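So the protein sequences, as listed, match chains A and B. Everything in the first sequence is counted per this note's numbering, starting at 1 for the first residue and increasing by one. Everything in the second sequence is counted per this note's numbering, starting at 1001 for the first residue and increasing by one.
If you're looking for bench data, these hints aren't it; they were derived computationally from the structure. The structure displayed is predicted, hence computed values, not measured ones. No residue lacks a Cβ here, since even glycine has one placed at the ideal position from N, Cα and C. Do not take every clue at face value.
Claimed, not checked - Think about it this way: if two alpha-carbon atoms lie no more than 20 Å apart in a straight line, the pair counts; the simulated EDC-like pairs of lysine to aspartate or glutamate are:
(1) B/Lys1237 <-> B/Glu1331
(2) B/Lys1287 <-> B/Glu1098
(3) A/Lys25 <-> A/Glu40
(4) B/Lys1116 <-> B/Asp1145
(5) B/Lys1065 <-> B/Glu1115
(6) B/Lys1088 <-> B/Glu1314
(7) A/Lys250 <-> B/Glu1098
(8) A/Lys373 <-> A/Glu351
(9) A/Lys250 <-> B/Glu1321
(10) A/Lys250 <-> B/Glu1322
(11) A/Lys201 <-> B/Glu1314
(12) A/Lys201 <-> B/Glu1115
(13) A/Lys309 <-> B/Glu1331
(14) B/Lys1018 <-> B/Glu1303
(15) B/Lys1299 <-> B/Glu1277
(16) A/Lys250 <-> B/Asp1173
(17) B/Lys1116 <-> B/Glu1066
(18) A/Lys309 <-> A/Asp464
(19) A/Lys373 <-> A/Glu468
(20) A/Lys201 <-> B/Glu1277
(21) A/Lys21 <-> A/Glu66
(22) A/Lys373 <-> A/Asp464
Stated by the list, open to error - Ranges between beta-carbon positions, derived for each pair:
(23) A/Ala452 <-> B/Ala1319: 53 to 59 Å
(24) B/Ser1197 <-> A/Asp28: 45 to 51 Å
(25) B/Lys1228 <-> A/Asp196: 39 to 45 Å
(26) A/Asp205 <-> B/Arg1193: 38 to 44 Å
(27) A/Thr45 <-> B/Gly1160: 34 to 40 Å
(28) B/Asp1173 <-> A/Glu38: 37 to 43 Å
(29) A/Lys201 <-> B/Glu1016: 36 to 42 Å
(30) B/Ser1197 <-> A/Lys201: 32 to 38 Å
(31) B/Asp1145 <-> A/Asp446: 36 to 42 Å
(32) A/Glu38 <-> B/Asp1145: 47 to 53 Å
(33) B/Thr1202 <-> A/Thr45: 31 to 37 Å
(34) A/Ala417 <-> B/Asp1173: 41 to 47 Å
(35) A/Asp52 <-> B/Ser1197: 36 to 42 Å
(36) B/Asp1173 <-> A/Asp446: 47 to 53 Å
Next come the chains, spelled out residue by residue.
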Amino acid sequence: MATEILMPALSPTMEEGTLAKWLVKEGDTVKSGDIMAEIETDKATMEFEAVDEGIIGKILIEEGTEGVKVNTAIAVLVEEGEDVPEDAGKTEAATSDDEEKDEKSEDGDEEETTSAPDEQEVKAARAAAPDGPDPKAAAAPEPDWPEDTEIRQQTVREALRDAMAEEMRRDDSVFLMGEEVAEYEGAYKITQGMLDEFGAKRVVDTPITEHGFAGVGVGAAFGGLRPIVEFMTWNFAMQAIDQIINSAAKTLYMSGGQMGCPIVFRGPNGAAARVAAQHSQDYAAWYAQVPGLRVVMPYSASDYKGLMKTAIRDPNPVVFLENEILYGRSFDVPVMEDFTVPFGKARIWREGADVTIVSFGIGMSYAMEAAEKLSENGIEAEVIDLRTLRPLDYDTVIASVMKTNRCVTVEEGWPVASIGNHLSAHIMTHAFDYLDAPVLNVTGKDVPMPYAANLERLALISTDEVIEAVRQVTYR
Amino acid sequence: MAAKKPTKKPNVSADELKGFYRDMLLIRRFEEKAGQLYGMGLIGGFCHLYIGQEAVVVGLEATAKEGDQRITTYRDHGHMLACGMDPKGVMAELTGREGGYSKGKGGSMHMFSKEKEFYGGHGIVGANVPLGAGLAFVNNYRDNDHVCFTYFGDGAANQGQVYETFNMAALWDLPVIFVIENNKYAMGTSQTRSTSSKDIHTRGEAFGIPGETVDGMDVIAVRDAGQKAVEHARAGKGPYILEVMTYRYRGHSMSDPAKYRTREEVQKVREKSDAIEHVRELLLSGKHATEEDLKAIDKETKEIINEAADFARESPEPAIEELWTDIYATETPQNA
């Protein structure tokens, strides 16, 4: 019986890819394990192996084709003497939910693992769906760049790399260290080309030893360098949290102002897709509690760029919380010689008079999508992206709440002692008389992240939950 | 406790020997005074005295040159005095006063001096070890020949991050001298009860780091071993481990009754192996100094310490505004 070979998902967050090269041709016999094609994901070029035995009956997608959606049929496998069915290639990516496929996930890590097609549902629910605001349609009361500036579309991944490379060109005391940052060019391909440009002295591969290399980074900062320390994910930085807090954050105070620690700790934070409890935690509220740290959690590519440059120049330890799902997403980025975004200044993405939605990081995807849908029903939400959690732009939040009299906070992290809890208390203290409804916090659920697709979807926040919270506070 | 007296004539000048005597005595008198002030309620919290271990830092500082860095854990008063920090500033930090090295905000365990390349004073056992390797990383990055003296105890030697650091230091040939001050007790737990192997200096072998044990009650032996280690690191050959066998006479901290060892054990070390007495004997027997000369040094030291104690008592408490300063730096630090 003829079997369709589908475009595989080769990373937890891959939605589409480029069919770079076919290594088989029509009529070839393949067996399980044979390499059939090279596929470029958002992170790397991967070899794609055959699972079933058979003869390549027909190649449906030519090599060099870009943007091939996961689960699109790319070839048809037939048995000896069998013809290629006429309807071959009619499989649509979205209908292959029940397709069973061999899943390969040897190391369970955030590196390229073959994902099962039934992830499609999850992706539709989160990673793919809230595609972010159209910045042209969004009101930006205080734009981050002059009106006439040339704009280009850039992914968060590219913006991050550009920010680091620009700062490394500007200041030779800036260097980058972490697992797989040099020769591998980043586990998430953030540091592409950096080893080539800056050499092994300034782009340093470390052993898998977070506690140790975080300490080496802090020591180097005490000694006058400006390290950027990449954690493959912030989940692994729990091994290093003593160095981040006890050594990096507190030493300036303990030394009476003598011993500064100009260092950036960065890496993906929060949930990716289907990586379960030990790889999905959002640390925003944890680090935001620590005096001595700067805590940054951007949403758009321009903020990733501008805030990363500010972080590298800042004389203090900066915790820079990135998001894997956002890495591949494109936003407007100004073409400017030296574009920076200051800490402590929220961005108003959308103006509205009925309710204030405060969010940051990936939470903004849901906040913006909810705002668009609410607008269709006559509720105009003001959407504020905090961008930095320490310092936090309380003034912008309070001013907005004084205007709208209602507030919903949105974040992916756990509910207890969340950023939303903190903001609620602050609003209560400083704008109590202005509130027409209790402040509601939309947060991730109070559970370790489950693996199962349906449970994971429930554990995370959703656009519908944001809409529901807004309806509650607006009584509509 | 080996503390064997060297049989051959030590390779040391009269001036150097007198310097050792002076520096070790300064530390001892300082610590005795600190203990006294603690008893009077002028010093609070934790206060870990270095009495008995003086030869370790004094011997190693003799091998340091301008630009070398040092970092240690919380038993740090001796290290600060040995690298030339002002006893007044150290004592005033102990009393939590404005004139202290950290303006009274760090205390006994957390003091720093950029000027003297002293990077603390760290309260978390073992955490200063990767920090020291990071300082050594700067030396390689800047392509200079400075080394970083990274001190820690036999207790810290069981921390995982120490071995993470050994690996990276060896991998990248970092110019770091790991000085393990083995005073036999990790707080109240003796080495035999906490540490699977007798020899800690061999623990670098798996990483290719040379190590040796040194008599830490003999300042000349410490200096000689230090010189070898420093030459190794300066020559770009990477890290070196010195396990320096020493002994603290006082408890782990001021509040430690030290019931885990007998009074006789302490007394025996004091009588037979005291590092200061050893140098004193060398000075006298070698006719490098007379009793009168040494009395003069004693008197001078006492005066320095009394001045430090007076300063530490008289210096005002930090201004209330200091509560809210130094949380964030506003300017780029120029510590390069």
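Hints and how they fare:
At roughly 36 Å between alpha-carbon atoms, lysine 1237 of chain B and glutamate 1331 of chain B are farther apart than 20 Å, so this suggested pair is violated. For the proposed pair lysine 1287 of chain B and glutamate 1098 of chain B, the alpha carbon gap of about 44 Å is over 20 Å, so the pair is violated. As the CA atoms of lysine 25 of chain A and glutamate 40 of chain A are separated by approximately 19 Å, the hinted pair is consistent with the 20 Å bound. Taken as a hint, the lysine 1116 of chain B and aspartate 1145 of chain B pair is honoured in the structure, with Cα atoms around 17 Å apart against an allowance of 20 Å.
A hinted pair counts as satisfied when its Cα atoms are at most 20 Å apart, and lysine 1065 of chain B with glutamate 1115 of chain B qualifies at roughly 13 Å. At most 20 Å may separate the alpha-carbon atoms for a hinted pair to count; lysine 1088 of chain B and glutamate 1314 of chain B meet this at roughly 11 Å. Of the pairs offered as hints, the one joining lysine 250 of chain A and glutamate 1098 of chain B holds, with about 19 Å between alpha carbons and a cut-off of 20 Å not exceeded. Between lysine 373 of chain A and glutamate 351 of chain A, the direct Cα distance comes to roughly 14 Å. Compliance with the 20 Å bound is thereby established for this hinted pair.
With a C-alpha separation of about 18 Å, the suggested pair lysine 250 of chain A and glutamate 1321 of chain B falls inside the 20 Å cut-off, and the hint holds. A hinted pair counts as satisfied when its Cα atoms are at most 20 Å apart, and lysine 250 of chain A with glutamate 1322 of chain B qualifies at roughly 15 Å. Of the pairs offered as hints, the one joining lysine 201 of chain A and glutamate 1314 of chain B is violated, with about 50 Å between alpha carbons and a cut-off of 20 Å exceeded. Distance hint between lysine 201 of chain A and glutamate 1115 of chain B is unfulfilled; the C-alpha atoms sit about 27 Å from each other, more than 20 Å.
Proposed proximity of lysine 309 of chain A and glutamate 1331 of chain B is supported: the alpha carbons are some 16 Å apart, at most 20 Å. Of the supplied pair hints, the one linking lysine 1018 of chain B and glutamate 1303 of chain B holds, its CA atoms being roughly 18 Å apart against a limit of 20 Å. For the proposed pair lysine 1299 of chain B and glutamate 1277 of chain B, the alpha carbon gap of about 16 Å is at most 20 Å, so the pair holds. As the CA atoms of lysine 250 of chain A and aspartate 1173 of chain B are separated by approximately 29 Å, the hinted pair breaks the 20 Å bound.
Pair hint lysine 1116 of chain B plus glutamate 1066 of chain B holds up; C-alpha atoms about 9 Å apart against a cutoff of 20 Å. Annotation: proposed proximity of lysine 309 of chain A to aspartate 464 of chain A is violated, straight-line Cα distance about 35 Å (limit 20 Å). Of the pairs offered as hints, the one joining lysine 373 of chain A and glutamate 468 of chain A holds, with about 11 Å between alpha carbons and a cut-off of 20 Å not exceeded. Taking the CA atoms of lysine 201 of chain A and glutamate 1277 of chain B, the gap is about 48 Å. The hint is violated against a cut of 20 Å.
Annotation: proposed proximity of lysine 21 of chain A to glutamate 66 of chain A holds, straight-line Cα distance about 11 Å (limit 20 Å). Taken as a hint, the lysine 373 of chain A and aspartate 464 of chain A pair is honoured in the structure, with Cα atoms around 10 Å apart against an allowance of 20 Å. At about 58 Å, the CB distance of alanine 452 of chain A to alanine 1319 of chain B agrees with the hint of 53 to 59 Å. Taking 45 to 51 Å as the suggested C-beta distance range, the pair serine 1197 of chain B and aspartate 28 of chain A does not conform, at roughly 60 Å.
Between lysine 1228 of chain B and aspartate 196 of chain A the beta carbons are some 40 Å apart, a value that agrees with the proposed interval 39 to 45 Å. Take aspartate 205 of chain A and arginine 1193 of chain B: their Cβ atoms lie about 39 Å apart, and the range 38 to 44 Å holds. Range check, threonine 45 of chain A to glycine 1160 of chain B: Cβ separation about 36 Å, and the 34 to 40 Å hint holds. The hint said 37 to 43 Å for the Cβ distance between aspartate 1173 of chain B and glutamate 38 of chain A, and at roughly 38 Å that hint holds.
Look at lysine 201 of chain A against glutamate 1016 of chain B: about 39 Å separates their beta carbons, and that is inside 36 to 42 Å. At about 36 Å, the beta-carbon gap between serine 1197 of chain B and lysine 201 of chain A stays in the expected band of 32 to 38 Å. Taking the beta carbon of each, aspartate 1145 of chain B and aspartate 446 of chain A are about 55 Å apart, not inside 36 to 42 Å as hinted. As the Cβ distance of glutamate 38 of chain A to aspartate 1145 of chain B is approximately 48 Å, the hint placing it in 47 to 53 Å holds.
Judged by the Cβ atoms, the range 31 to 37 Å given for threonine 1202 of chain B and threonine 45 of chain A is violated: they are separated by roughly 46 Å. A hinted range of 41 to 47 Å for the beta carbons of alanine 417 of chain A and aspartate 1173 of chain B is consistent with their spacing of about 45 Å. The hint said 36 to 42 Å for the Cβ distance between aspartate 52 of chain A and serine 1197 of chain B, and at roughly 55 Å that hint is violated. Look at aspartate 1173 of chain B against aspartate 446 of chain A: about 48 Å separates their beta carbons, and that is inside 47 to 53 Å.
When the structure is compared with the earlier hints, violations turn up for hints 1, 2, 11, 12, 16, 18, 20, 24, 31, 33, 35 and for no others.
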